[in-house]
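Listed in order, the protein sequences are those of chains F and B.
Note that my numbering gives residue 747 to position 8 of the first sequence, counting from 1, and the numbers run on in steps of one.
Note that my numbering gives residue 309 to position 313 of the second sequence, counting from 1, and the numbers run on in steps of one.
FYI, nobody ran anything at the bench for these hints, they're computed from the structure.
Don't take each hint at face value.
As the list claims (entries may be wrong) - Straight line, CA to CA, 16 Å or less: simulated EDC-like cross-link-like pairs of lysine to aspartate or glutamate:
{"#": "1", "chain 1": "F", "residue 1": "801", "chain 2": "B", "residue 2": "269"}
{"#": "2", "chain 1": "F", "residue 1": "805", "chain 2": "B", "residue 2": "274"}
{"#": "3", "chain 1": "B", "residue 1": "261", "chain 2": "F", "residue 2": "806"}
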Amino acid sequence: MKYVYFLVSILAINPALAFASDWLSSLKPHLPEKIQKFEPGKTSKADVLRIMGEADLVEKNKYYWKEGEFKYPIELSFDDDKLVKLHYSFQKGPALSSIKINPDAFKPHNHTLMKYEDKKGQVFLDVRSKTIESVTFP
Amino acid sequence: MKIVLLTSLVIFSCNSYSQTHECEETPPFAEDIEKIQRKINFWSASDEEISSAFCKTKTAPTLKEMKAYNQKVMKGTGNSGVVHGVSFANDSKVAIATFSDLTTYTHTIGQMIWPKGQTPIQEKFEINPGCNKVSCAIDKIWGEELGTRLVYIYHKYGFNASELAHMHSRRFDPKDLDEIMKGLNDMPESFFPIGKNRRLARFQAPPTAPADPNSKVVADANITLFDNYFKNSDLSKHYTIFHEVSHNHAYNIGKNKVSADYDPKWLALSGWEKKGMDWSNAGGGCFTSVYGETNPAEDWAEAMSAYRYNGVKFKASCPEKYAYMKENVFNGLEYTSEKACQSKP
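When you get a sec, could you build the whole thing from the sequences and use the hints?
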C-alpha cells in the first residue's frame, strides 16, 4: 500500500513519468509491420536483411530503404552484426493523442518540428498536423 | 584573368534565383560560378520586393466591416449555456461556441484542452450579471477594438489569437492583428478558413524558462510569433505570416494525409532525400532562398512566398517549380501583373 501511495505521489509531482514507460509500446504498432519487431541491441543484421531484403542505399554502417518514391524513411544502423539504431520517418504519422507522451516534454527542434527525447529514443512531432513525423530508438 | 571572367559572369549570369542547370553557358570555374549564381538571399523577397508585389494588401478590414461580418456569422438567438462560469442566455449557438474557444486554455502542443492553466473567466472579468450575451462579454474582456478583431480572425481565417486560449501567450494589440490580417489577405481568399480554432499566439516566455535574448527565431509553424517578429518591419511581418501559413496550407492540401511538402512529386523537384533526420537535395534543385534549402517544408514555404511576393523573378528563374506552385497550390492564379492577380482563375 505504501508503494501505491509513493507511486501516486511521484506521478502527481511529475506526470511525465506516467507517460515515459509507455510511449514506445504505443508507437510501435504504427510502424511498418516489417520493422515492428526489430530490437536494437538484439536483432542481428542477418535477420534484418532477411526480412527487409537488400537495402536501397548503404553508407558505412547505415542501411537505407525507400518506401514507394520516398527516399529513405527507414534507416537502420549496425555495429558488427547487431542492429543498434532504428529511425523511421512517417509520411502519415499517428496523431499525438494516440501516443503516450506528455506534451509538456516536447521541446522545439526546428520551424515545423518538436522533439521528445529520453533513454528509449527520440520522437519528432509535426506541429502543423499534431502527428508524429519520425522516431529514433534507442 | 580569373577576376575578369568572374566579372563577366556576374553580368551575364542568370538572375538571383538561378541555379547552374538553367544557365546556357558552361561555366569555366564551377566553384566560383556556383558561388556567384547562388546569390539568392536568405528570404525569397526583400521588403522592397514585398512592397512592390502585385495586388499587395495595403489595408486591414475596417472595424465596421469586421463587426458586420461577425454579426452575420454569430446571428441567432434561443440558446443558453455556461462557459467557464459565465452564463449566457438567448444567444446564438455559434456565438457561445466562439466564446468557449476564445477562452478555453489549450496546451502549446497539439492544442489539447489543458485545465491546469485555465483562467477563471467569470471570476476574473466579472461578466455576469452585467452581461449575458457573448458580444458584450467579449467587449468586457478585450474591449471593442481587440475583441472584434479576435472574433473576425477566428471565423474568417480559422485562427484563434486569444491569449486566454494558449499556453505561453500574451495579448496582441489591435495594430498587431491588422498587420497579421494584411499578411493573411495576401493569400487567395479560397485558402481560408485554414482550419478550425487554429493556434495563433504571441509568445510569452514561461516564468521557469526566460526567453533567450540571443534567439533569432521570429516565428514557427505552430503558429507562435516571438519577440523578434515584433521588431521587424510591417512588410516583413506580412512575409512571416505568409510563410508560416504556407506551412499549414501544405498540410491542408496534402493528399491521403501526406502533407503536400512531403509529396513525392514535390520532393523529386529538388531531389530531396531524407537520411535519418537529415534532409539533403541532389544539388540540381532550383531554390528561391537560402532558407528554402533547409528541408522540403522550408523549400515549400519559401516557394509559396516567392510566388506571391516575387512572382516575375520566380517564374523566370525556376520555371518548373513555379509551374508546380501555379497548378497545385494557386489554382492558376498568378501575381506577375496587377491584371493577372485580379483575374479569377
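The hints, checked one at a time:
1. F:801 / B:269: 15 Å, holds
2. F:805 / B:274: Given that 16 Å is the threshold and the Cα spacing comes to 15 Å, the pair holds.
3. B:261 / F:806: 14 Å, holds
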